[in-house]
Amino acid sequence: MKYKGAYLGKMLRVNLSTKRTSIQQLKENEVAKLLGGRGLAAKLYYDEIGPEVKPLDPENKVIFVTGPLTGVRLPSTTKFQLATKGAETNMYLCSNCGGDFGPYLKKSGLDGMIIEGRADDWTYLMLINGEVTFGDARPMEGMTTGQTLKALKEAIGDSRAAALSIGPAAEKLVRISCICVDTRAFGRGGAGAVLGSKKLKGIVVKGSGKIPVANQSKIDEFRKAAIQNLRETRANHTKYGTPQYIEVINELGCMPTRNFQTTYFEGVSKVDAHVMYDQYLDRNYACYMCPVACGKVCIVKEGPYKGAQARTEYETIALLGPDCGVDDFGAIVKGNEVCDELGIDTMSGGNAVALTMELYEKGLITKEDTDGIEARFGSGDALIGILRLIAERKGIGDLLAEGMSGVLAAHPEWSPYIMQVKGLPFAAYDPRGFYGNSLTYGTSSRGACHNVGGWTIRAELTSGKYDRYALTGKGLLVKTIQDNRAYVDSLGICTVVRGSMNFSDSPEGGVMEAVTGYDFTPELLAIGERIYTLERLILNREGIRRKDDMMPERIMKEAVPSGPIKGQRLTPEMYNEMLDEYYEVRGWDSEGVPTEETIEKLGLKEIIS
Amino acid sequence: MGTMRVDEARSEVCVTLKYLASIRDRTGCREESAYFPQGSTLMDVLVLLGEKYGISLPDPQILLIVDGRGWKQLPIKFSTPLQSGNTICLLPPIAGG
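So the sequences go chain by chain: S and Z. When the first sequence is numbered by the working numbering, its final residue is 812 and no position is left out of the sequence of numbers. When the second sequence is numbered by the working numbering, its final residue is 112 and no position is left out of the sequence of numbers.
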């Protein structure tokens, strides 16, 4: 390849049915247009996973791709991407993960790997410097994710190797199951069940290779400057992590409370970052090369959940806590631990429990459905019990395990209580508080995701350019943030550190040239736009249109009944006005399909032909 | 909740100051009421915060929100007159995801 650094040029292909492996080269023209990570993963998906493939078919594939910066000696070069047909959403899924696995994959000599087929019985993969061994994972069947990760590292003979695993929930094809990757996860969209359907219990990797770079001394300068910048700008993140936003989002009136029935949780002072820090925090942890170390390991020291341990984040706290009416931080940690061990996405899990609680309190389901659990808002025991039902597919857990799409298909009359777009439940921000956020959920490439869809709250609150309740301008705002995020997800760095290396919506600086030998910087935002539109073309091919970009009933019909944003309501007319603007700035038609002119302008024609 | 009085003699406006997340590490309290003379502006709040807590605004590491809106959205920014019942929040920079 023409690039002097960053890329190793090799993708590993593993067929679990035939136990054959092969190496394919990265295509230079695709790297030039799509960068790596999320961009290249989307292209591989476009080429290899058609609309007729179902998530749990052996024809589905799981595509892992690192970015050009993954593993390079710069802050938080930790990320790698996954693309697959998601079991939760039954459509294209892109997912982003930190930890050590991505960098170690690169050190083993690979830019990524494609898993295809289905093994005859439970299998694991061991990668050492790019060489693959198929291992017998039958003894690991039923193991928690943590037990599996330990067993994988014992198999490779190195406790410092990197590993990913699925838990018992994915073995049972629970559609909201995740892939745990050491301290992090490919959480959303049901990638866990896809690996479960392939009978792939885990992958362990180690490598001793060097990642090539174009100019090491320049990279060293950038690293020092970035670390200094992060010490000044991210000190709060180091101390409190994302849990610091619990009381902020609550004060802004956007906290999902009791299944998004209200948006202000009266018990927030019992579950905020100070409670975490003072009473539960055991230690911080960091992803690969990250000086911020925002990860928080929390341990419950007393009470009914004593001994529970988990890595709590904002989304998990909000969706297992306030959204379930739970104001006991110990119960939240325990719920988080249950999700981690059994391998369930905490966000979809929290949404599922909150839905169950509302249905129970409204008398639409009974104790017979909940296996005897008194499924009331505020009950920590109910939170944990329902999560276990989902993992075990017992009682109503069997229905919840099908994801919100499955629940809606079985019970369309429950639509007023289901908070989802395209099958993915909401993240922990009520969009009636920041209207751009509704567009984020509606137009995200993977369903109601604030990351992929573009987190607008900071700009809507602090930039001075927008009012949070204005409609005009939100289409362009959302597009810009989405394109920025799409290229960042393709680089292989964590979004928390992107400002320290000037990877904003006006990127600048010499990091890309120092690493790859080519100055991608002026092209980065355009690359992001290209990636986002490629993802939309994939979704269109899978049948997605305007009707699928809509908000759920609760958002479109109910005004917020109380709290700081009492009375706020987003009507269909208001939402459609923003969506029309979004489609226009994207160059998509009124159904949300990119026009021929847009495809041509973005240089996508040769990529998709 | 604490209170701060600036001038008890004249007719006053009462605002609520809230200190969220890591900002509370600097103030030692979650929220307090503050009284200002009629005609006071947001700038007077800033002066008080500087005197009492050593907080100097504007500061890129501190966001100031008035009744749910960022100060940059206010038409006349720090010259905005205070009104009784205003809730003014100080919070750290926010990021999602």
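It should be emphasised that the hints constitute simulated quantities derived from the structure, not laboratory data. There's no promise every hint is true.
Unchecked claim - Chain Z stretches covered by chain S per the calculated footprint, using a threshold of three residues with CB under 8 Å from any CB of chain S:
| id | segment |
| --- | --- |
| 1 | 77 to 84 |
| 2 | 101 to 109 |
To be verified - Quick list of the computed label-pair ranges, beta carbon to beta carbon:
| id | chain 1 | residue 1 | chain 2 | residue 2 | range |
| --- | --- | --- | --- | --- | --- |
| 3 | Z | Gln-53 | S | Ser-707 | 40 to 48 Å |
| 4 | S | Pro-775 | Z | Thr-95 | 29 to 37 Å |
| 5 | S | Thr-675 | Z | Lys-67 | 36 to 44 Å |
| 6 | Z | Pro-75 | S | Thr-675 | 37 to 45 Å |
| 7 | S | Glu-809 | Z | Ala-110 | 34 to 42 Å |
| 8 | Z | Lys-92 | S | Glu-564 | 42 to 50 Å |
| 9 | S | Ser-666 | Z | Thr-102 | 37 to 45 Å |
| 10 | Z | Ala-110 | S | Gly-345 | 37 to 45 Å |
Said to hold, decoys possible - Each computed EDC-like pair below joins lysine to aspartate or glutamate, with the alpha-carbon atoms no more than 20 Å apart:
| id | chain 1 | residue 1 | chain 2 | residue 2 |
| --- | --- | --- | --- | --- |
| 11 | Z | Lys-33 | Z | Glu-66 |
| 12 | S | Lys-421 | S | Glu-716 |
| 13 | S | Lys-207 | S | Asp-670 |
| 14 | S | Lys-769 | Z | Asp-82 |
| 15 | S | Lys-597 | S | Asp-584 |
| 16 | S | Lys-473 | Z | Glu-46 |
| 17 | S | Lys-668 | Z | Asp-74 |
| 18 | Z | Lys-87 | S | Asp-670 |
Glycine included, C-beta positions come from ideal geometry on N, C-alpha and C.
Status of the hints after comparison with the structure:
Remark: the segment 77 to 84 of chain Z is confirmed as covered by chain S, as 4 of its residues place a Cβ nearer than 8 Å to a Cβ of that chain, reaching the required three. Check on the segment 101 to 109 of chain Z: 5 of its residues sit with their Cβ under 8 Å from a Cβ of chain S, so the three-residue criterion for coverage holds. At about 43 Å, the beta-carbon gap between Gln-53 of chain Z and Ser-707 of chain S stays in the expected band of 40 to 48 Å. As the Cβ distance of Pro-775 of chain S to Thr-95 of chain Z is approximately 34 Å, the hint placing it in 29 to 37 Å holds.
The hinted range of 36 to 44 Å is satisfied by Thr-675 of chain S and Lys-67 of chain Z, whose Cβ atoms lie roughly 40 Å apart. Range check, Pro-75 of chain Z to Thr-675 of chain S: about 27 Å between beta-carbon atoms, so the 37 to 45 Å window is missed. Checking the proposed 34 to 42 Å range against Glu-809 of chain S and Ala-110 of chain Z shows it holds: the Cβ atoms sit about 36 Å from each other. The hinted window of 42 to 50 Å between Lys-92 of chain Z and Glu-564 of chain S holds, with their beta carbons roughly 46 Å apart.
Evaluation of the 37 to 45 Å hint for Ser-666 of chain S and Thr-102 of chain Z yields a failure: the beta carbon distance comes to about 21 Å. Our hint of 37 to 45 Å for Ala-110 of chain Z and Gly-345 of chain S holds, since their Cβ atoms are close to 39 Å apart. With a C-alpha separation of about 17 Å, the suggested pair Lys-33 of chain Z and Glu-66 of chain Z falls inside the 20 Å cut-off, and the hint holds. Straight-line distance between C-alpha atoms of Lys-421 of chain S and Glu-716 of chain S comes to about 9 Å, which keeps the hinted pair within the 20 Å bound.
Distance hint between Lys-207 of chain S and Asp-670 of chain S is unfulfilled; the C-alpha atoms sit about 45 Å from each other, more than 20 Å. Of the pairs offered as hints, the one joining Lys-769 of chain S and Asp-82 of chain Z holds, with about 13 Å between alpha carbons and a cut-off of 20 Å not exceeded. A threshold of 20 Å between alpha carbons decides the hint, and for Lys-597 of chain S with Asp-584 of chain S the separation of about 16 Å falls inside it, so the pair holds. Our distance criterion of 20 Å between C-alpha atoms is met by Lys-473 of chain S and Glu-46 of chain Z, whose separation comes to about 16 Å.
With a C-alpha separation of about 18 Å, the suggested pair Lys-668 of chain S and Asp-74 of chain Z falls inside the 20 Å cut-off, and the hint holds. Pair hint Lys-87 of chain Z plus Asp-670 of chain S holds up; C-alpha atoms about 10 Å apart against a cutoff of 20 Å.
In summary, the structure is inconsistent with hints 6, 9, 13 from the numbered list given earlier, while agreeing with the others.
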